[in-house]
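Chains as they are written, first to last, in my numbering: chain A, 2 to 421; chain B, 2 to 421.
Keep in mind that the hints were calculated from the coordinates and are not lab data. Some hints here could point you the wrong way.
Result set (DSSO-like, lysine-lysine): computed pairs, CA atoms no more than 30 Å apart in a straight line [what the hints assert, rightly or not]: (1) A:K284 with B:K356; (2) B:K284 with A:K242; (3) A:K284 with B:K242; (4) B:K356 with B:K369; (5) A:K404 with B:K284; (6) B:K149 with B:K127; (7) A:K301 with B:K369; (8) B:K369 with A:K404; (9) A:K219 with A:K303; (10) A:K284 with B:K284; (11) B:K19 with A:K369; (12) A:K284 with A:K303; (13) B:K404 with A:K301; (14) B:K182 with B:K219; (15) B:K149 with A:K404; (16) B:K182 with A:K284; (17) B:K149 with B:K182; (18) B:K19 with A:K219; (19) A:K149 with A:K284; (20) A:K219 with A:K369; (21) B:K149 with B:K19; (22) A:K303 with B:K303; (23) B:K219 with B:K404; (24) B:K369 with A:K369; (25) B:K19 with B:K242; (26) A:K182 with A:K149; (27) A:K242 with A:K356; (28) A:K127 with A:K149.
2 protein chains.
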Amino acid sequence: MRIIGIITEFNPFHYGHKYFIETIRQQYHPDGIVGVMSGSFVQRGEPAICNKWARTHMALTSGVDLIIELPFAFAVRSAYPFALGAIRLLASTGVVTHLAFGSESGQLEELQTITRLLSEENPVFKRTLRQALDEGHSFPAARAAAVKASLPEVPQHIDHLLSGPNNILALEYLRVLHEEKMDIIPLTIPRIGAGYKEEDTGSCYPSATAIRSAIRRKYPLDELAALLPAESMHILYQEMKAGRAPISSDQLEQIILYKLRTASISELQQIHEVSEGLEHRIKETAMQVGTLEELRQGIKSKRYSMSRIDRILLYALFTFTNELAADFDQAGPLYHHLLGFSSSGQKVLQQMHNKSTIPIFNRGSDLKYYWHNGEPMLRDMLGLDLAASNVYTLLYPQASQRKAYSDFTTSPLRYNTNSV
Amino acid sequence: MRIIGIITEFNPFHYGHKYFIETIRQQYHPDGIVGVMSGSFVQRGEPAICNKWARTHMALTSGVDLIIELPFAFAVRSAYPFALGAIRLLASTGVVTHLAFGSESGQLEELQTITRLLSEENPVFKRTLRQALDEGHSFPAARAAAVKASLPEVPQHIDHLLSGPNNILALEYLRVLHEEKMDIIPLTIPRIGAGYKEEDTGSCYPSATAIRSAIRRKYPLDELAALLPAESMHILYQEMKAGRAPISSDQLEQIILYKLRTASISELQQIHEVSEGLEHRIKETAMQVGTLEELRQGIKSKRYSMSRIDRILLYALFTFTNELAADFDQAGPLYHHLLGFSSSGQKVLQQMHNKSTIPIFNRGSDLKYYWHNGEPMLRDMLGLDLAASNVYTLLYPQASQRKAYSDFTTSPLRYNTNSV
Numbered sequence: 002m003r004i005i006g007i008i009t010e011f012n013p014f015h016y017g018h019k020y021f022i023e024t025i026r027q028q029y030h031p032d033g034i035v036g037v038m039s040g041s042f043v044q045r046g047e048p049a050i051c052n053k054w055a056r057t058h059m060a061l062t063s064g065v066d067l068i069i070e071l072p073f074a075f076a077v078r079s080a081y082p083f084a085l086g087a088i089r090l091l092a093s094t095g096v097v098t099h100l101a102f103g104s105e106s107g108q109l110e111e112l113q114t115i116t117r118l119l120s121e122e123n124p125v126f127k128r129t130l131r132q133a134l135d136e137g138h139s140f141p142a143a144r145a146a147a148v149k150a151s152l153p154e155v156p157q158h159i160d161h162l163l164s165g166p167n168n169i170l171a172l173e174y175l176r177v178l179h180e181e182k183m184d185i186i187p188l189t190i191p192r193i194g195a196g197y198k199e200e201d202t203g204s205c206y207p208s209a210t211a212i213r214s215a216i217r218r219k220y221p222l223d224e225l226a227a228l229l230p231a232e233s234m235h236i237l238y239q240e241m242k243a244g245r246a247p248i249s250s251d252q253l254e255q256i257i258l259y260k261l262r263t264a265s266i267s268e269l270q271q272i273h274e275v276s277e278g279l280e281h282r283i284k285e286t287a288m289q290v291g292t293l294e295e296l297r298q299g300i301k302s303k304r305y306s307m308s309r310i311d312r313i314l315l316y317a318l319f320t321f322t323n324e325l326a327a328d329f330d331q332a333g334p335l336y337h338h339l340l341g342f343s344s345s346g347q348k349v350l351q352q353m354h355n356k357s358t359i360p361i362f363n364r365g366s367d368l369k370y371y372w373h374n375g376e377p378m379l380r381d382m383l384g385l386d387l388a389a390s391n392v393y394t395l396l397y398p399q400a401s402q403r404k405a406y407s408d409f410t411t412s413p414l415r416y417n418t419n420s421v
Numbered sequence: 002m003r004i005i006g007i008i009t010e011f012n013p014f015h016y017g018h019k020y021f022i023e024t025i026r027q028q029y030h031p032d033g034i035v036g037v038m039s040g041s042f043v044q045r046g047e048p049a050i051c052n053k054w055a056r057t058h059m060a061l062t063s064g065v066d067l068i069i070e071l072p073f074a075f076a077v078r079s080a081y082p083f084a085l086g087a088i089r090l091l092a093s094t095g096v097v098t099h100l101a102f103g104s105e106s107g108q109l110e111e112l113q114t115i116t117r118l119l120s121e122e123n124p125v126f127k128r129t130l131r132q133a134l135d136e137g138h139s140f141p142a143a144r145a146a147a148v149k150a151s152l153p154e155v156p157q158h159i160d161h162l163l164s165g166p167n168n169i170l171a172l173e174y175l176r177v178l179h180e181e182k183m184d185i186i187p188l189t190i191p192r193i194g195a196g197y198k199e200e201d202t203g204s205c206y207p208s209a210t211a212i213r214s215a216i217r218r219k220y221p222l223d224e225l226a227a228l229l230p231a232e233s234m235h236i237l238y239q240e241m242k243a244g245r246a247p248i249s250s251d252q253l254e255q256i257i258l259y260k261l262r263t264a265s266i267s268e269l270q271q272i273h274e275v276s277e278g279l280e281h282r283i284k285e286t287a288m289q290v291g292t293l294e295e296l297r298q299g300i301k302s303k304r305y306s307m308s309r310i311d312r313i314l315l316y317a318l319f320t321f322t323n324e325l326a327a328d329f330d331q332a333g334p335l336y337h338h339l340l341g342f343s344s345s346g347q348k349v350l351q352q353m354h355n356k357s358t359i360p361i362f363n364r365g366s367d368l369k370y371y372w373h374n375g376e377p378m379l380r381d382m383l384g385l386d387l388a389a390s391n392v393y394t395l396l397y398p399q400a401s402q403r404k405a406y407s408d409f410t411t412s413p414l415r416y417n418t419n420s421v
């Protein structure tokens, strides 16, 4: 059996994703594709444009066989813990044999050369890295400088290799596979289309950022239709019609400012990634500003990227502490929350039931059971996912849709592949 | 010296208040009128229509000489602790000789008869009260039944006497003066105009509720002008133009739902006035609803009046616990936060500086000093006021006005009586 794992956000599922899935199918003929997907909030520290079941539905209609939620504790994290959590979750299914990921490079060999360097951290690398960090450079910039200084033969496109957002994640995936000595085989698919942060919607493969921005600016539906595969568009439209989408960070403005203004400094100090006096900077800025955008700009500095700040604001909202993060990183994901599966995914699921090393939540009531009866650390991890959903649903445009407990009341989507 | 104390909210300052102040001046010729006033949030558990300095300004232009903030810990409370906190605050000035209050009755004698009964709690009273409570009646209803059962001669208008909202507060004021053996002399002024909750704006003296509702529904300015004294109208208009008013509970909807959905049951259990399993009812309702109005309706029951629920929601927002409430009720107000004074109020203030039994905050920097250096209980009490202001300013319609720390940056208003 060849089961290919992928690590995704599908925010929303677009033509680039569709191409990625189709390429996997054509090149590798897998017996199944298992996706690990962010839930209510995504890696860049914002709420997803529509909820996790709608995004799962999009993925199932486009050839993914089974979707598992990547817990908030790993989904809303910087590249390395995100990669570590996601790959461990795939590995703990017991059935995933390969990991496929996109990269700007598309060349596994050159990515692996750099990975080994990063893993071994040779003396030149270490020294250059420390120097660059001391000079106040961000970690990615410092690392790029250190790689350049350490390689005997620097590829011409090294800057591109170390700065492409997909390459950066790809390097982390390879690092995790290497360091954790996993027997999952990496496969990389060259990315096509616009860079993921580019705003241009004119490309054949517009970026997810451009698409979200168009959706939030309420593009006419026929123009949106050109940006998304028909199935995605249909599902998104249903969500919008029902008053559950689109969702954006701006809607968190008042809650975030309330939370930061009323939190004590010692409470903020314990929040994950808050260090070096950042708690004071966050608190003081929250006291002075009236909008989320002013807050983000006020906290930003050379050392803290915007995504990192956005994530920290979410950590504060959900009281995700350094202590919890350390425990979770040690333990890895503690459950499989199934979001949906196709009829072929059902066969994968049957195998998972035999081989998974952690519990599988097959239905909403399983989450409720574990929330009440699970081990303390599982409850902490699950509690974050539940809180994330319960705050996410508050953001629904239609008030009657804002019920909490969606995780308890929603069972995995079942998608009949044969009926299409 | 005859210094008359009054207990107020001025939300906003209207013709009824103006009449009240003028009557005090005409009937009692005081050397000064000192007002204790709610701050950012008022007794019925909602944010004031405009901020405390604007309301102070209104009062000073209409003949009040000095305004002191009633701390949140007493302002947002049921009738008895509200009355106790307010009267203790007046007493601790060391200069207030009289307490004037409005009542529907206007007859001090009959109010005092009932007060003595409530204070002594004779056996018939106690038994009837307990029975009525056991039958599930609210406290005010049970008390009315008990009073009727205990009085040898029941005044014909007893129901009116025990249900008029001003009478109810008046009875609490008299009870506090009696029980605390204070040598402040009570004076009652008959109330005129619409009942304070009536929505009719047609009366010569429309109620504050009707006025707030008209302001929030954005009545044309010329129609609003008929509802408020010219000075109040002018000040309110300036606040609206600056983007600091009007403020309403609805704006707290998302924050309250966020707070309740993410709070643990044990956290809710510790919130003041949450007992008898109410924490579960609050939590479950917050999980099911999408609006503040649904939340209030969902929590309401025969035992819990709407105002009480509104107050409890604010307690949850500011983590005002039973433990804090018990400490504060024991200690009484611990500081005088001056909000403003007139030139004649300045003479009262000079006396207060000699006679006050608690510190007087003369300027914003005094609050900052005590917030950092005060005794723990003072800091807890002041912390609630600061948090209330810092969340209140978040509700300002104009984003650039939403700065926190207004208490640190705003010194008392000085109003020159002679210049008018």
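Starting from K149 (chain A), check that the Cα of K284 (chain A) is at most 30 Å away, please.
Given pair K149 (chain A), K284 (chain A) is violated - Cα atoms ~38 Å apart, limit 30 Å.
Taken at face value, is the distance from the CA of K301 (chain A) to the CA of K404 (chain B) at most 30 Å?
holds (19 Å)
Pair hint outcome, K219 (chain A) versus K303 (chain A) [Cα-Cα no greater than 30 Å]:
Between K219 (chain A) and K303 (chain A) the Cα gap is close to 34 Å, so the pair fails against 30 Å, i.e. violated.
Hey, K149 (chain B) versus K127 (chain B), does the alpha-carbon distance stay inside 30 Å?
Holds, at roughly 12 Å.
Does the structure keep K284 (chain A) and K284 (chain B) at a Cα separation of 30 Å or less?
holds (28 Å)
Given pair status - K356 (chain B), K284 (chain A), alpha carbons within 30 Å:
violated (38 Å)
Pairwise hint evaluation, K404 (chain A) against K149 (chain B), where the allowed Cα distance is 30 Å at most
violated (46 Å)
Given the proposed pairing of K182 (chain A) with K149 (chain A), does the C-alpha separation stay at or below 30 Å?
holds (26 Å)
Does K284 (chain A) lie within 30 Å of K182 (chain B) when you go C-alpha to C-alpha?
Given pair K182 (chain B), K284 (chain A) is violated - Cα atoms ~45 Å apart, limit 30 Å.
Agreement of K182 (chain B) and K219 (chain B) with the hint, judged by alpha carbon distance not exceeding 30 Å
violated (47 Å)
Do the alpha carbons of K404 (chain A) and K284 (chain B) lie within 30 Å of each other, as the hint requires?
OK: K404 (chain A) and K284 (chain B) at ~12 Å, within 30 Å.
So if I understand the rule, the pair passes when the alpha-carbon distance is 30 Å or less; does K219 (chain B) with K404 (chain B) pass?
holds (25 Å)
Of the numbered hints listed earlier, those contradicted by the structure are 1, 8, 9, 11, 14, 15, 16, 18, 19, 20, 21, 22, 24 and 27.
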